[in-house]
Amino acid sequence: MAYVLNEEQSMLKDSAKEFLKNNAPVAQLRQLRDDNDSKGYNESTWQQMVEMGWTALTIPEEYEGMNFGYLGLGQILEESGRTLTSSPLLSSVAMATAAINIAGSDAQKKDYLKRLSHGEITATLAIDETARHNPNVIKSSLQSQNGSFLLNGTKVFVPDANISDFIIVSCIDASGNDSMVILDSKSDGITITREHLMDYRNYGTVELNNVKVSSDQILANANKHTIERTLDVARVAVAAELYGSSVEAFERSVAYLKERKQFGVELATFQGLQHRCAIMFCELELAQSAVLNALNAIDRGDEDIRLAASTAKAKVCKVAQLVSNEGVQLFGGIGMTDDEEIGFFLKRARVGMAMLGDYNFHLDRFAVLNGY
Amino acid sequence: MAYVLNEEQSMLKDSAKEFLKNNAPVAQLRQLRDDNDSKGYNESTWQQMVEMGWTALTIPEEYEGMNFGYLGLGQILEESGRTLTSSPLLSSVAMATAAINIAGSDAQKKDYLKRLSHGEITATLAIDETARHNPNVIKSSLQSQNGSFLLNGTKVFVPDANISDFIIVSCIDASGNDSMVILDSKSDGITITREHLMDYRNYGTVELNNVKVSSDQILANANKHTIERTLDVARVAVAAELYGSSVEAFERSVAYLKERKQFGVELATFQGLQHRCAIMFCELELAQSAVLNALNAIDRGDEDIRLAASTAKAKVCKVAQLVSNEGVQLFGGIGMTDDEEIGFFLKRARVGMAMLGDYNFHLDRFAVLNGY
Amino acid sequence: MATTDTVTFKSEVRDFIEANCPEALRKPVKKFEDYFWGGKKSAGGTDEQIKWFNAMKERGWTVPHWPKEYGGGGLSAEENKIFLNEMAKAGARKPLFSFGISMLGPALLKFGNEAQKKEHLTKIANGEIWWCQGYSEPGAGSDLAALQTRAEDKGDHYLVNGQKVWTSYADKADWIFCLVRTDPNAPKHSGISFLLIDMESEGVSTRPIKLISGKSPFCETFFDNVKVPKENLVGQENMGWSIATFLLTHERSMIGGIGDTDVKQALHDFALGQMGSDDNGKLADPLLRKEIAEIELDARTLDMTIQRSLEEAKSGKPIGARSSFFKYAYTEINKRRYEAMVAAAGVNGLGWEGEKYNDGAVAKQFCRTKGNSIEGGTSEVQLNIIAKRILHLRGKKQENGIRT
Amino acid sequence: MATTDTVTFKSEVRDFIEANCPEALRKPVKKFEDYFWGGKKSAGGTDEQIKWFNAMKERGWTVPHWPKEYGGGGLSAEENKIFLNEMAKAGARKPLFSFGISMLGPALLKFGNEAQKKEHLTKIANGEIWWCQGYSEPGAGSDLAALQTRAEDKGDHYLVNGQKVWTSYADKADWIFCLVRTDPNAPKHSGISFLLIDMESEGVSTRPIKLISGKSPFCETFFDNVKVPKENLVGQENMGWSIATFLLTHERSMIGGIGDTDVKQALHDFALGQMGSDDNGKLADPLLRKEIAEIELDARTLDMTIQRSLEEAKSGKPIGARSSFFKYAYTEINKRRYEAMVAAAGVNGLGWEGEKYNDGAVAKQFCRTKGNSIEGGTSEVQLNIIAKRILHLRGKKQENGIRT
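As given, the protein sequences belong to chains R, F, D and S, one line each in that order. Each residue of the first sequence is one higher than the last, beginning at 18 in our numbering. Each residue of the second sequence is one higher than the last, beginning at 18 in our numbering. Each residue of the third sequence is one higher than the last, beginning at 26 in our numbering. Each residue of the fourth sequence is one higher than the last, beginning at 26 in our numbering.
Just so you know, not all the hints are guaranteed correct.
Straight-line C-alpha distance at most 20 Å; calculated SDA-like pairs for lysine to any residue [stated by the list, open to error]:
1) D:K106 with D:P92
2) D:K213 with F:D31
3) D:K307 with S:G306
4) D:K307 with R:L324
5) D:K235 with F:Q279
I should point out that these hints are in silico values taken from the structure, not numbers from a laboratory.
When you get a sec, could you build the whole thing from the sequences and use the hints?
Okay, here's the thing in structure tokens:
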């Protein structure tokens, strides 16, 4: 039963759906945007998420987590994708927590995971140095200096950089190997510029200028392999959220077709539109399976999750593009107005598609992993 | 007026349409197939084409041709594409004639073009040595021997090889340069194996085993550039014919939708099918322009026809694939039977698509020619 | 939950297979001749096939879940599951293939009278009769209920006139189960009956259908004043549509890739074999590489979705109209797969005859795949079903109760 | 065929442009401020714009082909062609942009009475009045004839109540030409009238529409018990739909890429600038390279087709319903173009605010292109038109004369 939620997972999903619908609907994101909110997310909503234990889901019990697994977290991400909720869920709970889970020493886990689990701190993951995701390009580097290190470099497209307490940065260590370090975001030498992207969420450019790093800030098991695994977990998380946004956009479009009349009949009666919706349904079914498969692969502890991750991210990217475009088109003129929420899904989709590798990136990787 | 036929061209097109409909419809190809005809084309139909002067269209008046131009020939090819007529039109009139026009010396033109113009001989062009078109791969080569040459190599996918009097072969000359030679197909050392491909037309594999070649058989102006130009003219000719087959398949499908009833109404009333047909109409319009543009570029004597040729071949390939697939699907079960002719269009389309570079080949070339 | 009985039964089945199933019949079925069909006109099958068939027939295990009184094995649902499991584990072929088992049988069990069950089910179980299906007509494709084959009431018999198409193996079959029109004046769904017809009756003739891919098992079947005894009517007169619907639903849930066990060469391996790779090990044509990756990625997610659906079915969520999705997705992917193969193979993929082209295997299969999205309900019909039955995209009920 | 007169006229136009058109107005229009719109509320335009406008107005050349008695230039068709040719050659901008010229004018010339022509056409020609168009309503998009804005007959005036959407520049315009419902009981196409309404009338208000791409020229326009004199009815009461049809056809033939003179950076140059090329000079991402090549190839063939269509029009084959094809093809290609740009630019293409992202130029334009296939008739409507009017895909006429 790899694809069917168990009772606990179903309950978690249902409660997340209910909570987000009531407490963090699309209207909340609109409000944050219209208020030009300096935090870019609602702190009290976030505190409630913490209280519900969402931050503890993927953290082992020995570090005061719930060890509930990624299939569970995936359901929450899917639901928060439906409501386009802006929060540190993706950056802190999915990405940064994964990095420490995968590459941290026991001491580092004791230190950071406990606090992450209780929501005392948030963290994010800084990978990209180029406008398009290319994790093979790492120029940020550590230089030894008197038993500690200096870190220099620039990271872009860092989710929630401006609101995170800690930033986990991929870099080249003093020996020339790929590594990750965890930085207090208030450290000297760190400049974070908030970037306003089309989805109105939080992103930052992080400039690292001779930032002092002690050896206990270097994630003990960080290397090329664990960085890639961390990225793959993060990609699956992005895919889960983006799948949620896509299925929501689709359902809203279908509902609209049933309401909107033209030429005296509901749009739902036009076969041209029916067939397009049916095709979208098929594509979403395939995407859902790909996401569930990848979440399971993580939970099962599969040695190699690369193919599962790229399959999920690629398929979801393609579907997200399709349904977000069709969503605006099916809503027609009203869909083009800022008043209608469907446009928010279009905008979020393009950002989600670009995060940690777009369709082309993962389709190429899919082929390479299959040996062609 | 680059895209509108003049009166003479229109008359030619109309008379070709009338002639082919009456004398060489799809039923003729079926008959040739069912009879397992050893020639694979109807010689008396071909003689009538010769009498109408079609073989003379692109040959200058000084070589006893009509100098009517490729826009005119393109119309005949389009019409013969509609009827799927098997004849040496493409191989001899479009391809081989172009090779001599472009790369022959005056003496060679006097010798061959005159006879081609009067239909006394037919010829074809042998380029491919690999299963997928790749004209940069030429292994066939000439070696000097006592003032003449020996030619060795193997050519595949040669149209009408089994029924042509002469074969023009691309090869590497004794100095290592790209060249073309014209061979009497009955020469010693030439073995022609007829290949039965899915469109039931004539193709051959040509094995060249120490074939003696005298220097006057080497096309005087043959080189990398003139070979490419010859190929581009040939590609445009293939595109013109394939466009004709495509538009015919489309029109037959549309007509069928108007006749065929399901659920008490004509299929033509289903919006899902209407929209797909409308999209095919748009694609065919674009393809037609691309073909006309390329035919004009040849007639204008443009220095560089590469972009025009690749644009036309690529666009027509894409459209041919679309409408031939949709054709069978729209005809439904009956479209799957050999009794119905739409399947002949599907089969011819796949061969035409592969000839002298498929969609991917020409799309790639389009990008390269545009500098990316 | 293994009880003593089930454990006993399991080992009984296992032992039986071990003792009776010839080694040659423990490989996947690859071609028509690998199937044993029975029937009067059957070529008879190989010695191994007949041995295996007779052993199984004796037990009633050609149709293990049918009642014993009709030649079945009388297995309970649980036993049947064990039985199928053991057969799968041993890789043992079914002893008898037949549309009688897969299609007519379920209908007779549900709608047939006692005499019909006794007569026909038993003969199916014993492999005596080869049945074929007479549904489609030239004028009734997607709109099956528009069928026109007439069966006139002549007192003790019906007089049948008309034509069926797409009757698989009609030229080899002994009997045909047919939908015929018994009331031409009723609304189209209400005037249809389900009739069993002996193919040896006077006035029945067949003609094979040649497809764009070449020979096929399909035939046209003609009825010219064929007399059919009234006892061959299944269910009530003019109620045949409900039997057809029952069977069509049954059929649709069997297709669409579920259970497709052909071991296919990976598409990318085929393409690599045809064109090789570049210096980085990537398929030589980057554009075709993209297409192939898209096809393989879609195929992979479809496999996952079928797996998911089976799990969901086990948890009590029936597949229902989603079988239309599987049918649609599988056939469309399969068509794309063959488009890519033809493109990858260049002229070698276009060969139609000759050893060099393996007698046109790729080209002919390419042509054949075009029918995937037509047979068993066109892709358009599947999309209609998804739109209406899953997404409920249709007009609202008006005050007069009619949907727009 | 150049006669003495036409040669004289040609040099007259050329000399006039040379003498009067400021250098600054001989560059392509790039932004809203580059247009001179006239009207009462207009900011007035630059000195150059006003100089050029006045010089042209004096000649009647703001509307060169309109009759002189309504402020036009009175040019014959041939002269007008020469005039437009010379303007294009000089790269001279039109002196006045106005929906009055492009949309209302043709309708008044054809359907207006003498008083309306005298009053309104003259003021349009002189740039005194800025007109906007009031067609669409919230409940009447593709199905324009479903409009609900009521105009009740109150003897000497109509009382108008309702709401229009997508009225471009309604907040800047002086008058609006509207479709209103004058007979709510008639079939929907038969109860519509064409009315001219002063935006300063009591009860008229506007509200700008914010789009997903940000600010827009579009407004909602509300009519709350607005009194409109009867003399402002164009054509006959309840016959407005024929005027609307005339104008919509007119409008559709103007859009769809024909006359789109924006000089755009080639898509592949944009992409090369964003991501660079590989060792062979090919765009770094081979998959995006394929998409871009497909878009550019389609765009190129569309340009050819527009050229072909213009040539065909000259030879007497009218564009007709094929304008729907141009509209459809152009907008769909444009949407693909911006998808590719966003993909090529990565996070830089996603920026919404800030200098670094050129204030979100790419992202906002990307969003804006999504409206291309909605405004001016959705892509679905264009496909319907192509299917029905060009391909004649519709039911046959039944015996009762009704098409299915």
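Status of each hint after checking the structure:
no.: 1; hint: D:K106 with D:P92; verdict: holds, 16 Å
no.: 2; hint: D:K213 with F:D31; verdict: violated, 47 Å
no.: 3; hint: D:K307 with S:G306; verdict: holds, 18 Å
no.: 4; hint: D:K307 with R:L324; verdict: holds, 16 Å
no.: 5; hint: D:K235 with F:Q279; verdict: violated, 24 Å
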